[in-house]
Amino acid sequence: MGKTSKDKRDIYYRLAKEEGWRARSAFKLLQINEEHNIFEGVLRAVDLCAAPGSWSQVLTKSLRQNAANVDDVKIVAVDLQAMAALPGVKQIQGDITKVSTANEIIQEFKGLKADLVVCDGAPDVTGLHDIDEYVQSQLLLAALNITTHVLKVGGVFVAKIFRGKDVSLLYSQLKQFFEYVTVTKPKSSRNSSIEAFVVCQNYSPPSGYIPNMVNPLLDHKYCDFNQFTGPNRFIVPFNACGDLSAYDSDTSYPLILEGQTMYEYKEPVQEPINPPYKDIIDKTKKLQIKNS
Amino acid sequence: MPLMTRTDVTAVKFFDNYVLAGIGSQVNVFDKNSGSFLCKKEVLTGQKIYGFVISKCRQRILVFGGKKFTVVKVKVECLDTDMLERCFEPVVCNDWLLSCLWCGDTIALLTAHNVVQKWDVSSQTLVSEHASKDNSILYSGLLVPLCEDVLVMAGTVFSESIIHKCGDKVPLHRLRGHKGVIFSISCEPDKNLIVTTSDDRSVRIWSPKTIPMLPSNSLDYWQNIDIVCKYELYGHQARVMRNCITNSYVVSVGEDSVICIWDFEGKLLKKNTAHQNGCIWAVDYSDNLLVTGGGDSGVILHPLATNKHYCESQIINIDVGMPKRVLLTARRNVVILNDEDDLMYYIIDSKKTTAYKLSHESTYKLLSLSSCKQMVAVADMNGKFDVFAESCKNEPVLVNLIDTKLHLGKILSMHWAGNRHLVLCSEDGNINVLAYNNNTELYASFSLPACKERWLTSAAVDMKANIFVLGDRCGNINVYVKGKRDPIKTFIKVHGRYGPTSITIKNNHVVTTGRDGAIKYFHVDSISNQFNYMNRKDLEFPWVEKFLDKDDNLICGFQERVFVVYNMRDSCKVLEVACGGGHRSWDAQRCIIKTKDKFEPIIQLVYVKNSDINLQTYFLNKLMSRNLIKGSHSKEINCLKVYKDSQDNTKSFYISGGEDTTLRISSADIRHDMNITFRDEVVFKHLSSVRTLKLVPTIPNGLLVISGGGRAQINIKNVQFIKNADEIEVESQELVEYLVKGTDKERKGNQSWKNCTVDFDPETRIMDIDVIKDNEDLFIFAGCSDAVLRIFSFNNTFKTITESKYHKTCILKTHCFRFLDKDILATATTRGNVAFWLIDDLHSKDNWEPFFIVKTRESGVNSIATKVFDNNILLATGGDDNSILLHFLKPNQGELTSLAIESTWSSSNYHSSQITGILIVEDLLLSTSIDQRITLFKWNIENGIDCEYKTQMYSNVADIQGMDVLDVSSDSIKVCVFGKGLEVVSIPKHSN
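Heads up: the sequence lines are chains A and B, in that order.
Using full-length UniProt numbering, read the first sequence as starting at 1 and increasing by one per residue.
Using full-length UniProt numbering, read the second sequence as starting at 1 and increasing by one per residue.
No lab work stands behind these hints, which were simulated from the structure alone.
Please note: incorrect hints may appear among the correct ones.
[To be verified] The calculated DSSO-like cross-link candidates involving lysine-lysine, where the alpha carbons are at most 30 Å apart (straight line), are: (1) A:K6 - B:K685; (2) B:K741 - A:K3; (3) A:K6 - B:K805; (4) A:K98 - B:K165; (5) A:K90 - B:K133.
[Said to hold, decoys possible] Selected chain B positions facing chain A (in silico; Cβ < 8 Å): (6) A112; (7) S785; (8) D931; (9) Y954; (10) K980.
Even glycine gets a Cβ: it sits at the ideal position worked out from N, Cα and C.
Here chain B stands alone, though its shape is the one from the complex (with noise of 0.2 Å):
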């Protein structure tokens, strides 16, 4: 069996205490209450699981997939590992299943040609089989139990669900209505109720036009009812993909990863997002619980419940005014500004209201909440200023402490920076902190460089490093130090035009929001005086507005009218709520309340909408949900390297790219199952797909990441992996974001799409690239789609420095290695072609050309290696005509740039498509394909050269786009494959 297999979860079923979930050809088994795991084992050899249907008694659970079943037996007496038993091989029937149903001893299987066949399942043979005339292939299907026999539903590709008894000729009915083919149906007949969903988006809710006096069970049942479309329901961006009927609701999931709760009425009550925009393939419940098996390799355990479960609302009546601003304090009270110039203090419990008169001469009035959301200060702009705290113990109240006018001028904007530190920018970019300590005094004052909204919109401090970090409405992050009047460092435009929301400082880390939707880090050493920016984390909202929590785990923001927590460590959306959107007066909190003897953690909002004051509670525990395997990339792999760590030897890293436009690091405990403590450490954004990465070890311990893909863009990062404890942190600086047309403001200017003229160079992805470091300086060698070969150097600076258009057809590798110490490169084409270029003294060069030419074959190189012995090349390609090419490349006298072809050895037996991964490890070559076949050879020069087969394998994933090398020990070869997820296998090397 594998040692990790993360790809698409196709099933998912909830067994009595357990969750069952098929990943690849394997069943994962976890504890539903705990959601801890407890065993795998391999039930479908090489066919992915897209089904368990559980027998009446309980004991036995038949497990099937593509054209094979097999039952397993649990064992809930044996120890955890031990407690599935397969009772016998897979039976492999002639036709791909779709549904299947226990009768007794017998089993009855829908094929996708519509045919029912029964299997006697302890002697596995087929007792009868009964096909349908409509048996054009069908996409889904369903077995309904009949007290006489079995009931069919078919969801064919002409978008009608056909219903017929097993065996009978006419249909019962037929489901017309559906635009597109039909993805899943279901059916509880004791609610009456058939639920399908389809390529048109929509759902629908099927019922009997009138209820007869009969058992759901029976045939005269369903020949006496005439079913008709009670709802047709959209709420799916992308095609609905499954459907399940629970006790009260109709849960439907969809390609664009959104889970729907309707009720039977066709009311939608919850739509959320889950398994990170991948395809949502399998939907199951039990009770309160929900859980799913997405495209992005996660099962995630979510709670069954609506609005009402987890919500409490309520809205404040203020007597006085109209509410103008809210806020949340630490008692979880709610402070008002009307419009009449009061400050009002609501106390949630007692539902009691204060009011305190202000005195403000002007309308303009600036509201602020401390961090530890104690102290309240409120000022107008011309300079009136109070204070307000609230008690900490006993009665709830709201003490006015300073009550004062300051003559700033003036004032534009005011921030709590901490909790004793309030920033003041008034005109002409004058910014005066005042300190709090029973008394106000000026604590330091700072100028705000000219820009066109001279104030700012955020503001932070450390006092530790005695730092404030302010944020300005053009965007800009400004630092200061007390006693510097203008910045000691300034990032110029963060967070786009409308300034940074939040910021936060925590241990030499000052982490941004803005309305850009993203989320940036900075790194602070004061004592060097180094301020750098780390990188960016891009949400699915535009507006971020804070984190809600200390840990910085839920942030929140806004969606359009939308308000949205997301929860970074999961990444997904744990809350949406339609409350009309932030330019409205709202606070959001996180907070521990205790509710009958126990602690929840809820978030509290507040909103003020059409006049009225909108307070809510959400109950986290009833929304959240649980990862039970992690989440990744949501579409192919592209790209993928290995790295160990040498501080801890318990971790291996995985850095990845894909066409989910993401770059992933990943680790996974290896003294674990590694599929369930694999998890993303960080993820960062491309414009488009990352095509591909290498990376450059640095000293100590880290790495650069140099990768590169669609829209001509190559990045370079600086991975640093800290020992922090037990745990290994991943810190990363993006050094490096390049687009070699530049970014579309370089290549269009301010002309807007219209006035654009056509731009007719062609568009560029990078293809591959490979890195070799010379001294401290890195050469980057891009091949692109475009035919051009572009070099470019970074150190410090990333340059230009030359191309070449050698190639007249798209380079699909990049290869670099060392030969008679000479740095050469190969590059390979989709003609076959593979060219070998001398890399010395790059900068002089201008017409650069290959020294040597293999032609391999006519079609696509899709993978290379080389391996230098003896001062001789072994080079190994594979391709898109299946063929494994090796050849012995000699050089004649020694002399490098006079290489030739010693010998060849080729085959195309071994792989039935595109080969996409190749390697030499030691006396070894190993293959990988699109047929999900990973090949061992061992090869030899005895008598010019040679190779000879020795195993070939399996992999649960599809597509696969490559592989890499994890360790290599005496007797095996561990490699990880990737595509539409990965895989880690060992492969003996001593097998005949």
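Isolated chain A, as found in the complex (with noise of 0.2 Å):
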């Protein structure tokens, strides 16, 4: 496989390395803002599981415009693994689990709760399409158990969700913390991937309810206004999200893009950093079964 085969086969891989971005991801939070204003106002933002720190980014680049003085605008980013720094955001290495980070958090905004807080995690997935979306779930409800104690009411919370069977469970449980949930998906986002973002605004939790690390966040049971199958489903709206303009990420593009008169070859903005199967390969080389 070619140097340039992976450019082709991925629009926004390709855009990313050419913009500065550290993953293709970034495309996918700008264009969530451009359909839904996500930003506005904003100048305490957390970005959760950030690693390798594109959300963060966007964050940056987005949020200095919100404000005269650029030192107003604060980002943290959260991330069991070590992060590239960015400058202009606090990264915290710690567990989204534990009340130690959030109260780290609210700390690094002085006292005062978050505008806006983003996740774009995903676990390890399996292949097993009920355990990944499970899993899934089970991280951003994690993200929204942290996010309800650093949430200013009224603020927004945007996750990455894997559109299975159950994710209307997961909606339901969204829903009793804002005002307005809807999924969306943006145009950097392929077609084929289950993958989607929750848009949750107006964060208002509902009266009465204290935040609280100790029990996870469990997603809901099936039930009368949340039927198994038939026409009693909670089912959220739902739009795409990215300018008409916008390259498609499942269109195939040639290297040379319609304005353009050449095509540079560019590295990957950050490697990624020790994967699990890191120093396998040479030890299953010498592998053989003798016979005797």
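Reassemble the complex: the two chains are provided individually, in unrelated frames, and hints are given to aid placement.
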């Protein structure tokens, strides 16, 4: 496979490298904002499961336009893994299921709460769709749980979801905390992928709700107003986002794009760090069963 | 219950004389000894089964999966079909279940947030709940019984396994070392063993540093041990999903389809591949058996045996010289050619060797064994020629029949064609066929067309048709008839650089193998003098040598240094022996031997390694796995069409293409359980994923299968369904293998990848195709990912007609239909546009443009259907936005091009994710989606288009990619939905 194959296979992968984003997912957040104006008036934002940091990059770039003084903009990125430093982003290497992490965030905002919390985290997928969907929904609910500690009332929460067989259970849980819940799919997210994003607006926790990290939030069960099958299923509105002129992630583009005269190969902005299979290849190469 | 469910098999369990398999929400029961299917029962409605736990009294089975559990009773006294009884409706817990344990009449459940719940089974009430502080999501877990309580082993995402006593705040042990998510934990306290598997590809065996003199089911034991990782084992090439500890082994299974058997000291004893490269999701053992369930929907029983059980091996000593060549004879003895001009005959039973002096002048020796394995021909380059025959009866001896000198010039190759003809090739492509009939006579002579290395590598004869089929060193297959010197047909470069390794002829079929990893099939009709290439089958190893049995089921070859025997019927490797590779001298055969009054099939393998002659006997009964349910696609099915053959209404055929790059034609017998009778008849390979396929019926009983997919590939096959006694045989011929962008060679020439210039064209996937038949011409409309609509024609030859760049984004669907006596094409894109094109006189179209466009939605259209009635069109589309849209289109004054939207109906309330399948059947509308629901509506146009919800059902198939109709009766519709597996369901038409 040639060096350029990946550039051809995926337009956003290539554009991300050309525009200096650490991952193609940067475009997803930009396109969500185009449709939902989630950055409007935001000064304090939290990026959960931030590595490799492309959403933090987008936040820094976009939020600076909201303040006369750049120092008023505060962005906190949280991840279990270490992430290469980003100017203007405070990094917390921590677990989003811990109260201490929530406190660290608040401290960073000098006691104030966040206007916006975003989460683009995805689990290690197993290939069994129901497990993957469940683990993703638990990751989202863990993100929601910490969000209930750090988000101001009226704030916005954006997170990745997998639209599988039980996604309506997750919607009904989210709807308890936010007035508006919409599912959106950016043009930079592939049509063939089950990934989408929930945009939850106007944070308004149920009266008397006390944020609590000891018990994880769990998703709901099927019930009368959200049946397993049938017309009474809890389905939230969907919209597609991204400019009409935007590139389409399913379309194959030539290396020289319309309006361009030349193409130059660019290296990825940020190489991956320590995958689990890192030192395995050598070990298995020497392996052979002896017949004796 | 669905009529057939084929999807990931996520749970398997031995239970007394039964094997249980969890397929979707159903339990399937098999007889352990006969392997026969007994019954199935829907148990966990709407949820995959992930585990079975058998109660101590062995009468109740806890079945769990997802957040649900229930208990099933096995009633042995009942008929097989009624033997399972579900005790209660599944209980829904508030969290995902990972492991369960019976404790008398209560059960303990471990959830994904490391909480132990105890339930009273008889009343199905939660008794108590014990949360752990380590409550981040777990990927695996295990509850181990203690005499005091329950021990919890939790496999975290943070690469450690945490052991604590249920309810305790402080964990007892943290097993650290893995570098990724822990996917499975097993524990055998009596053996002082814990085994974990992980994302990091390793299997780890843990044990107490020193074993205390305490009962291993006591808390004391667990408090007083120091657990260390004894062995860190690598045998898998991908993530290791599950493991089990048997009486003597650790068995691990992985995403790479591999089963590894290790001893407790971490030595890899056996490694074999099952489930066609799909992930293995489940494994269990019982005495000498293993059962696995996989991502290919298959359930397989394996003998739990290692080399010492199924292999007998010895080294043959010859007293004179060094062995050069070895052969195995019909009586399972060994013929050896040494470096001192002797031909030796080694009798296995008596261990006696007899030697025959050959008096060769040249050291370039040729040796060949006839098909019957009784005739051995040996010659040197200069023509010294001997034929020996092995005696059929009595004492085995090798008799010299011919000892002569041939005057054929320098002999370069010699092969038996059948049992009577020897094909010798000498310089300048001179081929002489000698027939043996008490004496040698020149039977025929041929000329091999000029080529770089002008000699033969294999030969076969068909005496009925009087043809010789000879394979040469340059990979060509030549067909000769006696009397004509030149070939009457040559197939160029069939088997790459090394030439065909074997040729077999059987009933008008020529089958060839080669060192290009493929078997190729030809059809020979000597009466009409027609010779056609039919198709190929690609195997998993590059060097394919020959068939070992008469049924052409076991085929052998090499993968690098490993000798491989492959089972064609089950698409799996039977045996792998690291013998050093095919370049050394070796031979193998399958035969039947009598041992202790019973007949056993064996594989005999002989090879020379380090100047030793190694002879090995493999007992197939201890080696061959048995399918309880045959596997098929190992990844998502992207496209599927159902076909019913008029000759046999008991069978339905499924033609499907998938992400695993295969196109398969499978059949199922509707008189029996369809999942059990389901089998792949033929499997073809594409270069990349198969995304779309269409069928065009041919007369009388055939189909043209047109498929397309990644790497811009379009293939056309002619498939014939031939009735042969009670069976229908599927015969297929590859007609077109076309790459829009050309083959790699056409694109890049002979340049190496290093100095290859950058290719600026976009990579293209064929997203969808549709076909119309106009007289004898076939027109193929291909919607491509590079936004181009390409049109091809096929009538013996495949031609590009035209293309349109009207769409600016990826085309997802192409759909043809008849309207006002015209053929219409509808195309749909990722931007939600549906364009209508008039198909007429395509040859003269340069700037083909649609005549009508409907913007259905902002996002992609993933399914499309039309129905034409009263000169109107009903267009139904489903998309990424969960919505179903109906457009009622009417032409103005009957003028086709003045189509206008009369009325519309839309709803996004019935599916929660992408709608991938939509069908209009009579006055009904069916939709299906990634959310695993199938919805039935009834539409009408009394006051503009309207649609009424009728019913919805759940499907066990994840990632549904579409559906096709099997059957429509007066009260129901049978459809097949496909995705990660396939399911056939019957939907009642008149439900409310």
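Quick rundown of the hints versus the structure:
1. With a C-alpha separation of about 23 Å, the suggested pairing of A:K6 with B:K685 holds against the 30 Å cut-off.
2. Taking the CA atoms of B:K741 and A:K3, the gap is near 19 Å; set against the 30 Å cutoff, the hint holds.
3. For the suggested pair A:K6 and B:K805, the alpha carbons sit about 24 Å apart, so the restraint of at most 30 Å is met.
4. As the CA atoms of A:K98 and B:K165 are separated by approximately 23 Å, the hinted pair is consistent with the 30 Å bound.
5. Restraint check for A:K90 and B:K133: satisfied, since their Cα atoms lie roughly 28 Å apart, inside the 30 Å limit.
6. Contact between B:A112 and chain A, as hinted, is supported at the beta carbon level, the nearest pair being about 7 Å apart and thus within 8 Å.
7. At a threshold of 8 Å, the smallest CB-CB gap from B:S785 to chain A is about 4 Å, leaving the interface hint in force.
8. Of the supplied interface hints, the one on B:D931 holds, with its beta-carbon coming within about 5 Å of a beta-carbon of chain A, less than 8 Å.
9. A hinted interface residue such as B:Y954 counts as satisfied when its beta carbon comes closer than 8 Å to some beta carbon of chain A; here the least separation is about 5 Å, so the hint holds.
10. The criterion of a C-beta within 8 Å of any C-beta in chain A is met by B:K980, whose closest approach is roughly 7 Å, and the hint holds.
In summary, this structure violates none of the numbered hints.
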